[in-house]
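The residues making up each chain are set out below.
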Amino acid sequence: MAPIAPPPHHILSVLVENKAGVLARVSSLFARRAYNIYSLAVAPTDDERYSRITIVVDVESAPLEQITKQLFKLVNVVKISELSPDESVVRELMLCTVRAEPGTRGQVIELVGVFEGRIVDVGHNDLTVELSGPPSKLDDFEDLMRAYGIVELQRTGRVALAKLEREVPRLRSLGRVG
Amino acid sequence: MCFPDQEPDRSHTAMKLNGGQALIKSLEMEGVEVMFGLPGGAILPVYDPIIDSPIRHILVRHEQGAGHMAEGYAHATGRPGVAMVTSGPAATNIVTPLCDAMLDSVPIVVITGQVPSAAIGTDAFQECDTIGITRSITKHNELVTSAQDIPRVVREAFHIATTGRPGPVLIDVPKDIVDPRNPRSAMEWYWPESVDLPGYKPTTQGHPRKIRDAAALIAESRRPVIYAGGGIVRSGASEALFELANLLGVHVVTTLMARGAFPDSHPLCLGMPGMHGNYTAVTSMQQADLLITLGARFDDRVTGKVSAFAPHAKIIHVDIDPAELGKVRRADVPIVGDVRLVIEELIKIVREQGGRDSQPDRHEWDAQIDAWRDRHPIAYEQGWDEGDKLKPQFCIDMLRQNTPDDTILCSGVGQHQMWSSQIWKFDRPNTWVNSGGLGTMGFAVPAAIGAKVGQPTKTVWAVDGDGCFQMTAQELVTASAERIPVKIAILNNAYLGMVRQWQELFYEERYSEVYLSPDLPDYKMWAEAMGCVGMRVEHPDEVVPAIEKANSIDDRPVVIDFRVDSEEKVYPMVPAGASNDDIILGPAQGPGGH
Chain A
1 MAPIAPPPHH ILSVLVENKA GVLARVSSLF ARRAYNIYSL AVAPTDDERY
51 SRITIVVDVE SAPLEQITKQ LFKLVNVVKI SELSPDESVV RELMLCTVRA
101 EPGTRGQVIE LVGVFEGRIV DVGHNDLTVE LSGPPSKLDD FEDLMRAYGI
151 VELQRTGRVA LAKLEREVPR LRSLGRVG
Chain B
1 MCFPDQEPDR SHTAMKLNGG QALIKSLEME GVEVMFGLPG GAILPVYDPI
51 IDSPIRHILV RHEQGAGHMA EGYAHATGRP GVAMVTSGPA ATNIVTPLCD
101 AMLDSVPIVV ITGQVPSAAI GTDAFQECDT IGITRSITKH NELVTSAQDI
151 PRVVREAFHI ATTGRPGPVL IDVPKDIVDP RNPRSAMEWY WPESVDLPGY
201 KPTTQGHPRK IRDAAALIAE SRRPVIYAGG GIVRSGASEA LFELANLLGV
251 HVVTTLMARG AFPDSHPLCL GMPGMHGNYT AVTSMQQADL LITLGARFDD
301 RVTGKVSAFA PHAKIIHVDI DPAELGKVRR ADVPIVGDVR LVIEELIKIV
351 REQGGRDSQP DRHEWDAQID AWRDRHPIAY EQGWDEGDKL KPQFCIDMLR
401 QNTPDDTILC SGVGQHQMWS SQIWKFDRPN TWVNSGGLGT MGFAVPAAIG
451 AKVGQPTKTV WAVDGDGCFQ MTAQELVTAS AERIPVKIAI LNNAYLGMVR
501 QWQELFYEER YSEVYLSPDL PDYKMWAEAM GCVGMRVEHP DEVVPAIEKA
551 NSIDDRPVVI DFRVDSEEKV YPMVPAGASN DDIILGPAQG PGGH
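Protein chains in written order, with the working numbering: chain A, 1 to 178; chain B, 1 to 594.
Heads up, a few of these hints could be off.
Stated by the list, open to error - Some chain B residues close to chain A (C-beta under 7 Å, calculated; not the full set):
#1 ARG135
#2 SER136
#3 PRO198
#4 GLN205
Honestly, the hints are just simulated from the structure, not real lab data.
The model shown is predicted, which means the values in this text are computed figures rather than measured ones.
Think of the CB as a built atom: it goes at the ideal place given N, C-alpha and C, for glycine as much as any other residue.
Just chain B, with the same shape it has in the complex (with noise of 0.2 Å):
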């Protein structure tokens, strides 16, 4: 209660709750509008109270789920995704996501329940050392002591998971101090104005001087490009990246987590450069005098053989995390900072030098960019003869032509991932969903859900590999109860298609279990048990249709099953291990193909 006499920075806080209702009022008060979580004995009390709380709860039906969907959540809207489990068994069973949101970068809160304080230590039922599991895959974690702690640490946790390099945040609750029936639950309510963190000041202006070094660097350059990484879309630099791209004339490879940071119908896009990057992404990186790094990490996917990876190319490197410069490859030019903030600094500089007409001539650059392109494009082959199977490529073609330009695609992690990155166009930011740095198999089905709940307007489509889907497609239980209605289209080719392809071109086609089963689940039922519109296509005549169908149904998740082309193979491809310069193109995809 409010009294006007007193002093009234402590009226507020007088009110008594217990740590289980501080938890969910911490939630609300950190803008939380929805949660995902499977409940259990430890975690109970804090369920209890979200009865009367306005957040949204979705009931998983494996906990991974929750956490993927927190994921597709935070990858769709920008905002922090969270994510609620009890302890032990739950707790190992959120540890990918962890992992998937440690490695991308991406913004989720996870709380998972403890058993009692006293317990702790003691092997107790469902007793799991949360903390000890995750510490090298958070970016923090934390383990609450007393209730009266709770509402600072969630306070913390999302301030850390959202600023500076965004990541994972668990908080771990043991059961006494949010359950009501214990004396030790007991707290005073109260919001920390600000968080006090010692040891955690990210850098996010770029130190100036740098900066104009860079503009520089920019100034002599010859044949620049523009490698635009993941961290663009998390600190919302598309329309910052846009406008230098234009201002500078540079062309753009945007890597497997920077898809739609940069308009794919731009004539300066390149797309996707490294081991799956087309041609002139991947050719134009290497031939380079310079790399305007902007957000990217120089991964071992993007840069082949290290030693062999730009080898004329001088490094402007910017990043908020100061670990990534220098790691892989030495930066003639390291800023550590918000990448938005310095593009929009280089952005002034470059202007005030005289924009583009500032810039050296690049004819000769763009010249050979364009025949690479024209030479060299994604391209596939979608003939067909009586008996033959889908192209997996033409049933991502059609998708893309068929839905909304602001569609939403997720995907698991294998052939698919990389022909959805390939073929589909994307021209916006935060439509891209995918697992780049750990690989998550069974990543696409949760995180389309989440992703569908962050953007309900939106046409949420998922493509996902049959080796995939059978990882976690229960989840479409939990988007059939919850009326979440995602669309899936498995590219089913009744194989582990990428491990296929690795044991086709390293390991002398000897197929030693990937072939899932020459008795292969019928998908359309399987569909249709977990309450979705099922659909299987077999010929090309019926893949329109039925993904028209699929996107004319919004009340309940739909499924369709292409059976698609098991020798199909992702090209180009640079073989792990091995430089840029020997990439392997596709018959289809030009000259040089083999």
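Next up, chain A with everything else stripped away, as it sits in the complex (with noise of 0.2 Å):
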């Protein structure tokens, strides 16, 4: 059977005025045109005037380019631009707490090490992990941890910027960055 391949995902970085409003007019219109958030985060930037949107939508890339138009409609959207996976930099944050107890405990806290996680809370049988980084690490440690038992978890959802223009190569293909 082939596998299933994976769902289309895009990255929108939305630029919006920093309005009162603005991030319900955002979702409402994906909303009104039957079109699925996959996450959604925001924050105010370097400019008070504007706050950054970052937007994960699993869409083929017709209704896409549709969406952005519509997107674009709205009186305080100043700037979309789609991110590409290769040519951007995506990150999410993770809190998770696993159970830790003092069998499988040594094992946890190695784990986290391997995947340069920090341990922010300790509880007789539980450990409170944060970890940051691409999604796809995210996943892997969330598969990891399932094996311990999984008590809470909770992610932020995408944020993303486009990477630089560089004359070197990039240190990403060294593995390290991206």
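Put the two chains together into one complex; each comes in its own frame, and the hints tell you how they fit.
Put into structure tokens, the structure is as follows:
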């Protein structure tokens, strides 16, 4: 059986005016046109007039073009760019409380170290771990932790920025960046 | 006060106003001459300064009426219509006109009152999340949070409503910032010189290379058709379209929203395409090798089944709204821009290339179109035997023949709307006022009132169905009280006629809940009770005299109750979801009718 193709994720980076109700306008536009938002993150930018909304949607490219155009019709939307996964830096934050009883605690701590996570809270039988990185790294960690027992888990949704243009070979070719 | 020794720019801004005064003054600055509305608690402080303003206020009987009047005004004048109502139920009552204006790209500005800022979110009396409700049915909306913002917000609202693709803008105003008894309403008057909207920059100039590409496609085409939409009317592109069509010698279809954008009396005019379009308009689009699409949006009522629509045609698509390009049908040459400016550029290029002489020989295509026109005209039969009913098409035909050329025709939604569009000969833009996109029953009476207010020297007729009429007829009280002499022709078949037609054709004549009542209201008496002149017409011989009498009355509204045949159907018809090739003709419309 052919492997199931991963859903066509598109990352939209939307610069909006920093005004009340803008997030509601953006999200209700998606709802009104029956498109699912996979993840959404919003925060102010360095310019206090604007905020940046990072939206991940699962759609084919053709409807994506339509949704981008509709989005751009919103008066408060200033700029929309689609970030391709290869050409952007994508990060997500995870907080995960995992079972770590005395017998398995050492293994969990070791895996947290391998993933460059941080232990931010410790209980008698549980640990809470903070981990940030590309979504796939978080997925892998989540998979590994399931064996020990995930008590509670939250992820922020993605934020992303386009990669800088460089003339020297990119660090990412070494597998360390991106 | 102005003191010459001081800096000139700020001297006049020292005037202290309250928010309510500032709002009315802002409307004056925008050139608003008339507004439609109904006061209430939350908006009362804005109503107070109207007494001192030159703006004419027309007091409606229902807020839906205010919205449709603003739309009718905008349709007939091309200028933005303005409506003002209070919070809560008033705001929900005006939701329908907002959505209507959104779908038909009608520039209106609606002001709604809101409960005082401190009460927002408390479920206060007549509180309603107006911004939330209208978010997806306005081009833009804004809750004003400070009296000082009022002139800026009003200026932006008119700018957004009237530029780019026009549409409705709503301003929601909490009571405290307009109420002189509240210190929060104090503001220093100013008028912004310009608008600063970093995310709103409509593209008006079409890309020159794309326009050249369009000219090249036209010059290759053997079977072109110009597909003109409501954008022609909105951008004032009728003259440009006229010039282009003549220059190219290419036939024009005018969609429901574009009726009048190109004169029906012109030999190149094919009339309305689509579900109830005439055979020639529909079929020439189906057979075309090129659709020159100008300010139209491939609405489903035009295309029928999209995959079977104009299968051999390349597409040039001009629209000011980039989201329309590629939404339904991929364009070979998409052009974002104001349709008037783009047509004018296109004309220049075609001229440079030698005008009509540079175009291919299209005699065969023209002859084919003429043959279709001769074979399948829009036609009806008004025979008469004792006991027969009037034919609705005949009433509209007589109305057209007995009213001035520049009469503005408004319609509701349904069979009467389609017959009006088919039979009325439109020769000018802005003379056809109807609800195309949303299909709002009850649109005609208030829209006619708004149109007449905007064009007081023109004759304004509304053709309405009896179902539609019963939805908003009370606005005739407004018309009587305000001495707005509109004329209403009810095509009364006692049914929700279009629904009945579908039940007859697609539901095996199971007429569920479409018969309005065996005890029909007496429309003549109803009209008279509202201060109008009422007439009832049942015989063909009475039709023209009644119309002439109505035309002669200019001091109050007139309502004529035409008792028409309920069996009559709108033909041609393309069933919903079917291909335009499967057009059904009426018995009187030529061979092939069934």
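Evaluated hints:
no.: 1; hint: ARG135; in the structure: holds, 6 Å
no.: 2; hint: SER136; in the structure: holds, 5 Å
no.: 3; hint: PRO198; in the structure: holds, 5 Å
no.: 4; hint: GLN205; in the structure: violated, 18 Å
Checked against the numbered hints given earlier, the structure breaks only hint 4 and satisfies all the rest.
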